[in-house]
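Count the sequence shown with my numbering and you get residues 473 to 702, in order.
There could be a bad hint or two in this list.
[Claimed, not checked] With a Cα cut of at most 27 Å, we get these calculated DSS-like pairs of lysine-lysine: (1) K476 with K626; (2) K626 with K484; (3) K684 with K551; (4) K551 with K626.
[To be verified] Here are the computed distance ranges between Cβ atoms for each label pair: (5) K676 with V523: 24 to 32 Å; (6) Q552 with K484: 37 to 45 Å; (7) L538 with I634: 22 to 30 Å; (8) L540 with L520: 20 to 28 Å; (9) Q680 with D594: 51 to 59 Å; (10) G505 with Q552: 25 to 33 Å.
Everything labelled a hint here was simulated from the structure, so no lab data went into it. Ideal placement from N, C-alpha and C gives every residue a C-beta, glycine not left out.
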Amino acid sequence: MQTKHAMLRQNKIYFTGLLAVLLFSAFFLLLNGKAAAFISLNSYHPFLLNVFFINYTFVGDGIFALCLIAAILFYYKRKQQGLALLYSFLISGIAVQIIKNLTNAPRPKLFFEAGQYLHFIDGVSLANNSSFPSGHTATAFAIATVMVVMMKDKSWQLLILIATVLVGYSRIYLAQHFLLDVMIGAIIGSASGVLAVYLAKNIKGIRQSIKKMHRLSPNTSSSPSAIQPV
């Protein structure tokens with residue numbers, strides 16, 4: 473069984489890079505504040521980038537994730553990897569929805585008053601609430617973390633990290649989320665990915681432990697022993 477230290481050591485490029493991105497983002501957010509950080513990250517909007525991010529953001533969409541999971545499970549026949557991806561998708565999705573419903577934070581469209589922000593992109597449908605955290609970012613990092621940890625070829629770590637960070641940035645670029653939303657989404661997603669890998673690799677042992685505990689538990693519903701006649 474792969475230990476936590478072995479997992480981090482084998483995938484140090486991905487996890488070190490992720491930590492660096494999160495620390496830099498936290499520093500940038502503390503230095504500028506929520507609104508100013510958002511505006512600073514959205515000061516450059518050329519047409520080609522608009523087209524790119526409008527399409528690229530769907531890499532973090534649930535439909536894309538489910539299609540990938542289905543391909544791994546049914547086309548490539550990799551059950552353990554497919555289950556890990558499915559678990560990560562479900563865990564991150566549930567966590568995100570719980571927090572969204574508890575906070576119901578306003579999205580940039582509702583947060584900014586008229587005239588404060590001028591880079592809303594034509595054709596992009598913007599939500600008003602449930603900004604915190606970013607579900608697309610959580611899904612992208614959940615899937616990416618599972619892929620990095622479970623793939624044998626570790627040379628793809630940096631490329632996968634960059635591709636996933638771009639999904640998070642796309643949510644800010646398209647004015648769907650704030651930087652903090654994306655940061656927490658990345659944390660939820662990566663943590664869900666690590667947990668999902670553990671569950672997928674140890675599911676048999678977990679099931680056996682549950683069955684063993686069930687067998688050892690006292691049977692409270694047993695009927696009283698029959699009284700034998702003297």
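Consistency of the hints with the structure:
1. K476 with K626: 17 Å, holds
2. K626 with K484: It holds: about 10 Å lies between the C-alpha atoms, which stays within 27 Å.
3. K684 with K551: Judged against 27 Å, a Cα distance of about 25 Å means the pair holds.
4. K551 with K626: Measuring from Cα to Cα gives roughly 20 Å; hence the hint holds.
5. K676 with V523: 24 to 32 Å: For V523 against K676, whose Cβ atoms are near 47 Å apart, the range 24 to 32 Å is violated.
6. Q552 with K484: 37 to 45 Å: Violated, since Q552 and K484 (Cβ atoms, about 23 Å apart) do not stay within the stated range.
7. L538 with I634: 22 to 30 Å: Check passed, 24 Å falls within 22 to 30 Å.
8. L540 with L520: 20 to 28 Å: Cβ of L540 to Cβ of L520: about 26 Å, so the range 20 to 28 Å holds.
9. Q680 with D594: 51 to 59 Å: About 57 Å separates the Cβ atoms of Q680 and D594, which means 51 to 59 Å holds.
10. G505 with Q552: 25 to 33 Å: 44 Å, violated
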